[in-house]
Amino acid sequence: MKKIIKTIIIGIGIASMLSCSDFLEQTSPSEVTATTVFNSTAYTEQALNKVYSGLTLDHTYGCRIPLNFATNSDIELIDGLDKDGTGNSVAINERGACNYNPSSSWTKLDNNWTECFQIVENANIVIEGIEGSSLITEGNSSREQMLRYEGEALTIRAMVYYDMIKNYGDIPMKFETTKSDGSNIYLPKTDRDTIMEYLITDLEKAIDYLPWAGESSYTTEHATKGFAHGLLARIALSYAGYSIREESKSSLGYETLANSDETYPTQRPGSDKRKELYELALTHLDAVIASGVHLLNPDVENEWYLINQCTLDQTYRENLFEVAHGLNFSGEMGYTVGVRLTGTTTTYGYSNSSGKVKLTAPFFWSFDHNDIRRDLTCATYEIKPGSSNEPIETMQSNAPFGIYVAKWDPRKMSDDWVTASKAATTKFGYGINWVAMRYSDILLMYAEALNELNGADVAGPTCGLTAKDALLQVRSRAFDSSNQTEVKSYVNSLTSGDDFFNAIVNERAWELAGEAIRKYDLIRWGLLETKIAQSKEDYLELIGEAPSKFYYKMQTSDVNAIDMSSICWYQVPDEIDSYKSTTGWGGENPTTGTNIAYLPYISWGLDRTVKNRHLLPIGATTISDSNGTLTNSYGFE
Amino acid sequence: MHRMSKKMKNMRMVLFMLSAAISLNLSAQSITLTGKVKDKTGEGVIGASVLEKGTNNGTITDMEGQFTLKISGNKPLTISYIGMKSQEINIKGKTKIDIVLEDDAQALDEVVVIGYGSVSKKDLTGSVASVSAKQLESIPVSSAAEALQGKMAGVQITTAEGSPDAEIKIRVRGGGSLSQDNSPLYIVDGFPVTSISDIAPTDIQTVDVLKDASSTAIYGARGANGVIIITTKSGKQGKTQVNFGASFGFRKVVKEIGVLNPYEYAMYQYELDQSGTYYGSYDDLEIYKSVKGTDYQDEIFGRTGNQQSYNLSVSGGAQTTKYSISYARNDEKSIMKGSGYSKNNINAKINTEINNWLALDFNARLIYQKIDGLSGGADNESSAVNSLVAQSITYRPISMLTEDTEDDENTTNAQYTPLERLDATYKKQTKFQQSYNAGLNWTPFKRWKFRSEFGYGWKYDNTDQVWGYQATSNSKFGYAGLPQAYISKVNNKNWRNANTLTYDNNKLFNGRDKLNIMIGQELSSSQSTKTYLTSVNFDAEATINEILAALGNGTALPTTTYIGIKDNLLSFFGRANYTFKDKYLFTATMRADGSSKFTSNNRWGYFPSAAFAWRLFDEPFMQNTKEWLSNLKFRLSYGAAGNNRIPDGSMYSTFSVAGTGDKSIYFDDAAATVLAHGDVLSNPDLKWEVTIARNAGLDFGFWNNKLSGSLDFYWNTTKDLLMKTTIASASGYSYQYKNMGQTSNKGIELQLDAVLIDKKNYGLNINFNASYNRGNIDKLNGSSYWQSSKWGGSAAAGLQDFLVEEGGRLGEVYGYKTDGFYTANDFTFNESAGTYTLKDGIVSSSSLTGGNLYPGSIKLKADENGNINKVRLGNTVAPISGGFGINGRIKNFDFTAFFNYSLGNKIVNGSKLGSSFYSLSSKGWNLNDNFTLAKRYSWIDPTNGTNLLSSSSIKTLGSEYVTSRLNEINTNATMWNPAGSTVMPLIDWAVEDGSFLRVNNVTIGYTIPKSLVSKLQMQNIRIYLTGYNLYCFTKYSGADPEVDSSTSTPMTPGIDYSAYPKSRSFVGGINVTF
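In the order they appear, the protein sequences are chains U and C.
Just so you know, we're using the working numbering here: the first sequence kicks off at 1 and counts up by one.
Just so you know, we're using the working numbering here: the second sequence kicks off at 1 and counts up by one.
Since the hints were made in silico from the structure, they are not lab data.
Treat the hints with care, since some could be wrong.
[Stated by the list, open to error] Taking lysine-lysine pairs in the DSS-like style, the calculated list, with each CA pair at most 25 Å apart, reads: (1) Lys70(C) - Lys94(C); (2) Lys121(C) - Lys233(C); (3) Lys779(C) - Lys179(U); (4) Lys83(U) - Lys955(C); (5) Lys507(C) - Lys85(C); (6) Lys514(C) - Lys583(C); (7) Lys255(C) - Lys337(C); (8) Lys580(U) - Lys549(U); (9) Lys94(C) - Lys36(C); (10) Lys719(C) - Lys179(U); (11) Lys507(C) - Lys53(C); (12) Lys179(U) - Lys724(C); (13) Lys83(U) - Lys531(U); (14) Lys923(C) - Lys384(U); (15) Lys422(U) - Lys476(C); (16) Lys53(C) - Lys75(C); (17) Lys38(C) - Lys92(C); (18) Lys169(C) - Lys746(C); (19) Lys85(C) - Lys36(C); (20) Lys289(C) - Lys255(C); (21) Lys83(U) - Lys839(C); (22) Lys83(U) - Lys923(C); (23) Lys337(C) - Lys431(C); (24) Lys779(C) - Lys870(C).
Hey, can you work out the whole structure from these sequences and the hints?
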């Protein structure tokens, strides 16, 4: 009996000994650890792809950041007008938010916050992973590649962080991976300027690591040196500019904008700091220009055609960075912004696009009559299905706040898009890349910074351009060769300082309308309120000047297409009978007109409770999940 | 391992005697005695032992209870049968006798399975609830869980939805965990399984539920939430027995949600938009009175379902080998269009005694099932608001004159009717499961038994889904609304090996004491592999069959595979039972578990327990109570059990290739390969969650056990809760598993059985059970956490409606009290501007209800300071639940009625709330019938259709007229106007009392008289008719009070929104034994 017991016990013992050590250590063959990932360039690239893939979501760069959060400005606004302040302008959706009446219970705020911080965390993982990798030791053949990956992660993280600061102001600062012990999970807000300092340092490092576009088979769908330079400059200018503050920073030498809120003043850094930041911006903008890697596409129409075609411009590389959306998968460029399709047509298929981002008539009116960009930017028409569903371009009847952004246009979109759209039965990803930065932005920022520091006629440090040269490059592209003399004299007539600055303010509107830039420009310039108010006055002025009817013709080659050149915007034509007509902006009654009633409620939340409250609140769920470390400021609940 | 049935045990004994009898036949016998052993109802007792006292001469009774035995005639006969009182009879020359055996009233020698062994009920120290085959066999049910509903005190079984594959929630004593699965451990024939819903109820011999630590601790790691042990039927020695059963039934939806009729609906639409664009001008709306409209609830759930089931079992065996094999098939056509299932079960068992010290048993279970159709509201990849069930209530009954093309959130999904979407949706789940278990019993010496078990299980679970273009909003893949197909294949393989050594001595100190010691060791391992195939972009008009037939016609997305982490467990355990003087019972157990889910520092958990029981009844001082008392036992236990139910690999951060449902980055317009981590932050410090269970109980019997039962008090404390906590989103993660907090459950359970009448031709029994459980959150890091049920998607999200806090309970629901609605008198009308504003001093609810305030907007109650506060509206977890049953027989008729109940909980009626505000009942969406024109506030003048609130009305009609007219037309209004609030917080109106008493089932059966049956060469024929879910007594206004449709988090129980409706059914059937 003893023997048997012994045998059994020994048996059990052996079975357990054999199993104990390995039996309880289990991993999935389908999963790899961080150590494995970051000691392989292939895996590291895939982990970096995760950082990028966060950019294609609806709540990040698919729609929210570029299309919903970036309005209203003086020239752009959200659709859905409100004539008594009880509807769209206060709605708990993007319409309320764009009219500066956002509510923390708009859940898309939480979605955006969460998804942005996921990108940040994924970037943190890649950055820390690479820094701890054995592949970056000096002399390792993969070192350069790994550092390029790190540069990309640093740049994307900076872009996302900056875009969050733009929209929420002060936010938690988290440039390390989340620790499982919870020590850095519940972070309070950090002053945005501190974060921007950090981003600038990061980008300087990234610039060292990154190749220029075109080198090492990098396209502008990846972060490259040029974009890192440009982004750094953009952040520096923003840092130097105004924004509403959690509390006054006057004691630190900050300057307060006139007519700002007492509790939440709108302030910018003092002149010394500003100078430093402008110089910093200038250095980096100058580097991009001097590199010659990025140029303006001489044909501005072609620049946008290529974007609509989903064709990367590898010749001029005017776009410094694009978020690579995929057809059928992601991206609302062309859908939420762009020439509107109001129903299924034989040519464009399903495509009931929304065209939610709109431009204003005063903006249209502000263009030089010969500016090519006017019709390339403003679509005063939409495409409707005819009786047999053929697409008919239909002029808008007095919709001064309903002009679509013509930069995205189904008529320019690719055959693949048309095929997809014809097959589609519901909304689908348009696949058009979001262009985060164009070279014209670089030139105009350069001109702005240089004018601020040295005036409009002094050449920059290495590229040799003066501020006027830079402005001229942008503006001259927008005009036919026959109008170049006028363009030159316009630029030359500008004097350094305010005069030139105002020209930059205008040029940036004409050049960059609809590209999620204007609102943030106005904020940093401290011009958001005044320019929005101005645009409403401009409208009242406009209805006194504009014809009450617009006369136009359809094309002879295509009776369903408007002959854009035939539209009589500024006067009534002589042979009125050969024209079709529609109600023009001049038809509005200045006291009882429908559009007049809308005016007070456009952007009406900006000064409603707190002056110049241009930021979004933090979402309610985000706050409740923060264990009390986050609260809303600026009077938001 | 296996419960030894009374008969089996008996047979073993008889086996020996039989062989002895054969040998004794050689000696000369003088008398041939024939006789019949009957029970007091006159039925023959099969397998009773008949033994000539003091000899080995004996036999057992046959199927009729008859026996023949040659005896010497001078010794008395002993007739015995387990569960009945033995009798001694003097033959005195008789050659024919009839014996009536009395039931042994104590019946305490029933054997209960307690994990790695069994114990007679008499010697049990723990709290165990049991249901026997006898209780199950009279009523046909489609699942084991359904059969158990309400039958056992402290075991709460909830069927949350009516769908064929609805998950049945089983909770033993409340469950300790807050955020985790609280389901008990299921053991079928010794084999741990994930669900018992696929076991054929006809195969079940017994169900034992281990409730306290004395019995669960032996399952250590996994026993914290109770253990449900199912033993399937085994073969018996004797003539081959064939059982056949068949049943057929119908089912029909019980209750639909009331909605507005087409005319009322059109009137509401007019209220939203007076342009007449969608349903015509006001004067024309009358025509909708004659329009029937489409009742989508009826279209989708209105059909009469049916069910049929067949089972066949063959069992039998010789002395050394017994077998049982059964086949069961169930088919159901469910009430939802396109939904139903079929299920095939095979269960085979064989055991054989190789010699008198070695025995082998083998058991195979095979289950094959197919489930068609959607599983109701939860079956939606996007949100419950979008689900067919939710929309079948709110979808417009009549189509618009002009279909809207405006782009707004959700409108793209609304373009197809729920019926179109249903028809365009295909879902088929195919599951095949096989498990094999072999055991070797070795008795090397007297009183020693070594048992080694090896089990192997393999299953696959395939789901084929196709979404036609009308249904793509149900799919998680975007892709331009073109048809999509998704095939998932999940494979699981698992094995276990358990070795136990038992020493059993019931003759200690000359039979005064008994000792049973068991030690053992167990290894188990389980691993899943998953494969997902996705194909999108099929031609819009492609039919489901075409898509299934040629997946290649679509665009294939990368195939995703995942090889899971092995979930391994290594355990050592031991148990000692000591019975002192047959009155004092002691049990001690110890188990150590090592789990692969924790890092090496926290891997091992130790779970001890101790229990004591005192058979008071057998004390000498209780002698004089014997008149009325027939049993009294006191039980006490204390012990620990663990829980490691967290996903594998929660302690390490790892990366894997992202699935096709996630967006990628499209460099050069092609999806890049993405290596991603999950949204759950790892935590290497995770350790075992431990439940300390304390139990005190009393088993009692009165009047010869005519009334018997048990009463238990328990107090369970769960420490180091494994919680899936929501963490700040700035971390880049949504959740983290943490050991955090402590909960406790205290409760009382009462189980009563009464034999009211027990005569030959009629009898009546009742049984009753009740349990009271109160949970408490003892510790929670000193803080409270708001939870959002998000019952209605984004329109109601962001509004935190459940509070989990220290000192509180699970299911605390918070919201706002309603205070009627605003009236015209609350507003100042500005005639020149045509506007109206709330008067000063009147509190505005608009920050919570969104948008603008109108006369007729819902008004939330404010306190004296004018603040609208969120207040507690109740608790959604029922403290009291149970059931009771009556069964009786009159001659050959039998009947049973069974009721179950639940008391004291609230339900959030999301179906009602979901169509009571603008966001979910805007243009094109219908309202529930709480908002008929007669009930709701309206701003339309019924005489001419004027919107009194329009600015032109105010300008032209004037303030005074508008106010008085609004007051006039709304004199009888009792409800707010849903159009007056954009969003809706949770309000007291939607939080209803969820108490109920359900007539769960009623059965009438008829057993064909034996005389008739035996002519057909059969043993037994019974026919029956059963009605299920016949009636539910409740104040709850929704479809059914037994509901829990929030699946996103267990922290927000008791939500009723878009649940698959329940049905009522009638089933008739026949059972035949050959």
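Hint-by-hint comparison with the structure:
1. For the hint pairing lysine 70(C) with lysine 94(C), the CA-to-CA distance comes to about 12 Å; that is within 25 Å, so the pair holds.
2. Among the hinted pairs, lysine 121(C) with lysine 233(C) is consistent with the structure: their alpha-carbon atoms are about 19 Å apart, no more than 25 Å.
3. Annotation: proposed proximity of lysine 779(C) to lysine 179(U) holds, straight-line Cα distance about 24 Å (limit 25 Å).
4. The hinted pair formed by lysine 83(U) and lysine 955(C) meets the criterion: a straight-line CA distance of about 15 Å does not exceed 25 Å.
5. Using a Cα cut-off of 25 Å, the hinted pair lysine 507(C) and lysine 85(C) holds, with the two alpha carbons roughly 22 Å apart.
6. For the given pair, lysine 514(C) sits about 11 Å from lysine 583(C) by alpha-carbon distance, which is consistent with the 25 Å threshold.
7. A threshold of 25 Å between alpha carbons decides the hint, and for lysine 255(C) with lysine 337(C) the separation of about 16 Å falls inside it, so the pair holds.
8. Pair hint lysine 580(U) plus lysine 549(U) holds up; C-alpha atoms about 10 Å apart against a cutoff of 25 Å.
9. For the hint pairing lysine 94(C) with lysine 36(C), the CA-to-CA distance comes to about 13 Å; that is within 25 Å, so the pair holds.
10. A threshold of 25 Å between alpha carbons decides the hint, and for lysine 719(C) with lysine 179(U) the separation of about 24 Å falls inside it, so the pair holds.
11. As the CA atoms of lysine 507(C) and lysine 53(C) are separated by approximately 22 Å, the hinted pair is consistent with the 25 Å bound.
12. For the suggested pair lysine 179(U) and lysine 724(C), the alpha carbons sit about 16 Å apart, so the restraint of at most 25 Å is met.
13. Using a Cα cut-off of 25 Å, the hinted pair lysine 83(U) and lysine 531(U) holds, with the two alpha carbons roughly 21 Å apart.
14. Between lysine 923(C) and lysine 384(U), the direct Cα distance comes to roughly 23 Å. Compliance with the 25 Å bound is thereby established for this hinted pair.
15. A hinted pair counts as satisfied when its Cα atoms are at most 25 Å apart, and lysine 422(U) with lysine 476(C) qualifies at roughly 21 Å.
16. Among the hinted pairs, lysine 53(C) with lysine 75(C) is consistent with the structure: their alpha-carbon atoms are about 6 Å apart, no more than 25 Å.
17. A distance of roughly 20 Å separates the Cα atoms of lysine 38(C) and lysine 92(C); the hinted pair therefore holds under the 25 Å criterion.
18. Straight-line distance between C-alpha atoms of lysine 169(C) and lysine 746(C) comes to about 20 Å, which keeps the hinted pair within the 25 Å bound.
19. For the hint linking lysine 85(C) to lysine 36(C), the alpha-carbon distance of about 16 Å falls within 25 Å, and the restraint holds.
20. For a cut-off of 25 Å, the pair hint linking lysine 289(C) to lysine 255(C) stands: about 24 Å separates their Cα positions.
21. About 21 Å separates the Cα atoms of lysine 83(U) and lysine 839(C), which keeps this hinted pair within 25 Å; it holds.
22. As the CA atoms of lysine 83(U) and lysine 923(C) are separated by approximately 20 Å, the hinted pair is consistent with the 25 Å bound.
23. For the proposed pair lysine 337(C) and lysine 431(C), the alpha carbon gap of about 21 Å is at most 25 Å, so the pair holds.
24. For a cut-off of 25 Å, the pair hint linking lysine 779(C) to lysine 870(C) stands: about 23 Å separates their Cα positions.
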